[in-house]
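Q: Given next are the chains, with one letter for each unit.
Number of protein chains: 2
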Amino acid sequence: MRGIRMGRISSMPALAVREVTMRRMGTWQVLARQYATQKEKVVVLGCGWAGFRFIKDLDKDNYDVYVVSPRNHFLFTPMLASTTVGTIEFRSILEPVRTETSKKGFHYINAECVDIDEDSGKIRCKSAIADSAGKEGKEFDVPFHHLVVSVGCLPNTFGVPGVEENAFFLKEVGDAQKIRQRIIEVLELARMPSVTDEELKRLLHFVIVGGGPTGVEFAGELGDFIRTDMQKLFKNLPRNSAKVTLFQSTDKILAMFDKNLSEKAVRQFEKSHIVDVRTNCQVESIDKEKITLKGGEEIPYGLCVWSTGIGPRPLLRHLQQKQGYEMARGTRLVVDDHLRVKGRKNVYALGDCAAMESQPDIPATAQAAQQQGKFLAAEFNAMAGGSDIKPFRFNNLGMMAYVGGYVSLFDTPQLKMAGLTAWFAWRSVYLTKLGSIKNKFQVPFDWTKTLLFGRDVTLFTKSKAS
Amino acid sequence: MRGIRMGRISSMPALAVREVTMRRMGTWQVLARQYATQKEKVVVLGCGWAGFRFIKDLDKDNYDVYVVSPRNHFLFTPMLASTTVGTIEFRSILEPVRTETSKKGFHYINAECVDIDEDSGKIRCKSAIADSAGKEGKEFDVPFHHLVVSVGCLPNTFGVPGVEENAFFLKEVGDAQKIRQRIIEVLELARMPSVTDEELKRLLHFVIVGGGPTGVEFAGELGDFIRTDMQKLFKNLPRNSAKVTLFQSTDKILAMFDKNLSEKAVRQFEKSHIVDVRTNCQVESIDKEKITLKGGEEIPYGLCVWSTGIGPRPLLRHLQQKQGYEMARGTRLVVDDHLRVKGRKNVYALGDCAAMESQPDIPATAQAAQQQGKFLAAEFNAMAGGSDIKPFRFNNLGMMAYVGGYVSLFDTPQLKMAGLTAWFAWRSVYLTKLGSIKNKFQVPFDWTKTLLFGRDVTLFTKSKAS
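Going down the list, the sequences are from chains A and B. Heads up: the first sequence begins at -18 in the numbering used here, then just goes up one per residue. Heads up: the second sequence begins at -18 in the numbering used here, then just goes up one per residue.
Any given hint might turn out to be false.
Copies of one chain are not kept apart here, so a pair can be met inside one copy or by any two copies together.
[Unchecked claim] Under the rule of at most 20 angstroms between Cα atoms (straight-line distance), these lysine to aspartate or glutamate pairs were calculated in the EDC-like manner:
1) K326 / E338
2) K371 / D122
3) K216 / E81
4) K116 / E146
5) K371 / E153
6) K371 / D318
7) K119 / D98
8) K84 / D156
9) K271 / E117
10) K119 / D257
11) K213 / E338
12) K303 / E99
13) K116 / E179
14) K269 / E117
15) K233 / E145
Please keep in mind that the hints were generated in silico from the structure rather than gathered at the bench. Bear in mind that the values here come from a model prediction, so they are computed numbers and not experimental data.
This is chain A alone, in the form it adopts within the complex:
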């Protein structure tokens, strides 16, 4: 067994790595000693659905794991929209990577990988935290035998001017925090004595660009908040003054869903009298207080959330341009059906940053990423035992989305439904899938608190606007 594994990393004998490492680590002997174990080093970039599943399933008796990620937690993305209005609290859907590192053979470095040197078996990292105010994060190398690239993706502005500066993304929990802050801010602004009718209308117009699951779920949660807590806590606002408009560039929102379910979502929004769906609308530009559609129509807004699609992280661009890594659709690393990056020996890619040449239709979803993480861990575990496993096959388990007013869509190959029953299913399934016991304990508590006491509207973080 040992022989087989060593054969795979013959370009970089373990002893040499250890010596290089020891020299590089400087005076801090403790960490140097960690680097100097006999086990093979697996470096994992990122801790989203793919990476986090991989590191949880990997057998740490056979491998030393180093997670390198600027984000020190796993985020349970299906509930992210719920945190934007406080139905669920932010920390309730996060799992710190550090909880895993309390186990043996597991290390975490809060840094971003900026370059990969496969030949010498090391990556270049930049600390995600500055030593003190104004300083840049320090750079350093981390050696590897196997490198797993699961860095995910970034929101894509598609080059529309003003998106970066004026719109909010909804990708990380920090984004949700900023959105929650701004929702309360515009409500407070709308209650200032100096506000005019026109300003009031603008402030309370919430614009969402992109009718995918994220945009739709945010519209649903925001509609719930407006109908319940806003009406109660900001009582003197004119009735029906708050509106949500969901812009979709094509003719159909939730394009991945069954047609009937997607239409059900539109009807549910119509029924709410809060969310207005506008299809076939392309955004030309976004200014501080208005968006302009192709064709010239100008739409004033108080908050704009941009959720239209995904693009590559800087590392991927760098690998493509400087190191000749092959990319699919310019955004994802091409991998074989064992998730190995095309033309590379010890580099793997999975999740949203990978595209499988043999199965180009695998969607960029949490489900696919998690299945790939699970697959790769099984492959590594088998490899350590000297055996092989069958190529990766995506297993479509279906999709769910919440559209507000206790209505969810439930779309599986076996069963399609929408409504209250689907909402119960939505809550039950996600509660089961929430990783840690702590979160399974916290989320139902949050739901109960919201039901009994409403959502919290305190402001205590400084926003980018103030």
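Assemble chain B onto chain A, guided by the hints.
A: Leaving out everything else, chain B in the frame of chain A:
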């Protein structure tokens, strides 16, 4: 009754106020109509212990209340230190002012008062929120019959260079959030492969300047966090590498407490082997990564919290310099024993921003502020009924402080104790005093979660340093 009340505001007939208000409000008729009720308008600046108690107790059948405060929530300060390490979550000790505004006769404006014009019965306000990125908050007037100044105070740097730029205050929940963020950041920095022994020692040195209740409780909570969660989650750090130093300028920490209890706190810290108390140390300056004591000693640190005393808010300085308001010790408005500001007719001051001429020894504590808020509400309610009440008398109920390791100090006129029993008393008393049912529901849940799962160490807000 009506005649008596009108007599008090003869300088500003209600009708004139209404007309002025209607003109000023512009087109937004709804708010204008609120301003135009027949009830007297009480404008309250701030919603801390004094202001929040006052508005809760005031009879809204007799008065229209306008709270003007840049902070849209009440903060339960005795548990603030617990939130810096996540023993309790931030929102668990906050009460949104908006919850009160859902009641009749109650209005809230998220703004800061920048000037008072007593003669024309109005204040100048500046919105605490910008309309959009980069804009200044708008200015507008709010009319009043009675003005209650309960703006509290600011942390005092005593002119020590570098405090504003490099140290963290611990006054608001936003401060606690930044401290929590930075604690995790320095721990992550300490685990970077590039760190040297010297850097490691600096990063894990937590400095607290000021040995009052806030500084001491923060030291206690931080010690708990280091002993439990840090040891578990950042396991490869050298043993005993994290240290806390508490600097006190005089010869005794917790000077307000009984001498035996204050000594007990010092012994408890010694026993912890984490917190080191250094008395008779004055800070000369604070740089990015070190503080310098008077005498020249330089002390490297990873995090510095400054909690030495209180100073006046900009409004108070303005009133003193531009409007000739009399101040006690240069920081607090002088009031009579009915909390009326000296030389003013319709302006009251209470809490940390007021000093009673006849009782100069009332401490700047939550307890005193709350008693004053209660008193003033009773006075206003009596006034509406045409009667008077006796002058304010401070009733000292004692003090409590948590010093870590399940040890609290309990110092009342009747009973003084320290230890586990006092810790139970500390938790019980504060749990009872937590205002809302929501928080009484949430805080024990947080305690349980911390006990079962430890404190959360996720990072998701951008800090000033990164």
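Q: Would you mind marking each hint as holding or not holding in the structure?
A: Going through the hints against the structure:
1. K326 / E338: within (17 angstroms within a copy, 81 angstroms between copies)
2. K371 / D122: neither (34 angstroms within a copy, 73 angstroms between copies)
3. K216 / E81: between (46 angstroms within a copy, 11 angstroms between copies)
4. K116 / E146: between (24 angstroms within a copy, 14 angstroms between copies)
5. K371 / E153: Neither: 34 angstroms inside a copy, 57 angstroms across copies.
6. K371 / D318: Within one copy only: 9 angstroms inside, 84 angstroms across.
7. K119 / D98: Within one copy, since 18 angstroms is at most 20 angstroms while 54 angstroms is not.
8. K84 / D156: Neither: 30 angstroms inside a chain and 33 angstroms across chains, both beyond 20 angstroms.
9. K271 / E117: between (35 angstroms within a copy, 18 angstroms between copies)
10. K119 / D257: neither (48 angstroms within a copy, 31 angstroms between copies)
11. K213 / E338: neither (53 angstroms within a copy, 43 angstroms between copies)
12. K303 / E99: within (13 angstroms within a copy, 69 angstroms between copies)
13. K116 / E179: between (44 angstroms within a copy, 18 angstroms between copies)
14. K269 / E117: between (30 angstroms within a copy, 14 angstroms between copies)
15. K233 / E145: Classified as neither: same-chain Cα gap 25 angstroms, cross-chain 53 angstroms, threshold 20 angstroms.
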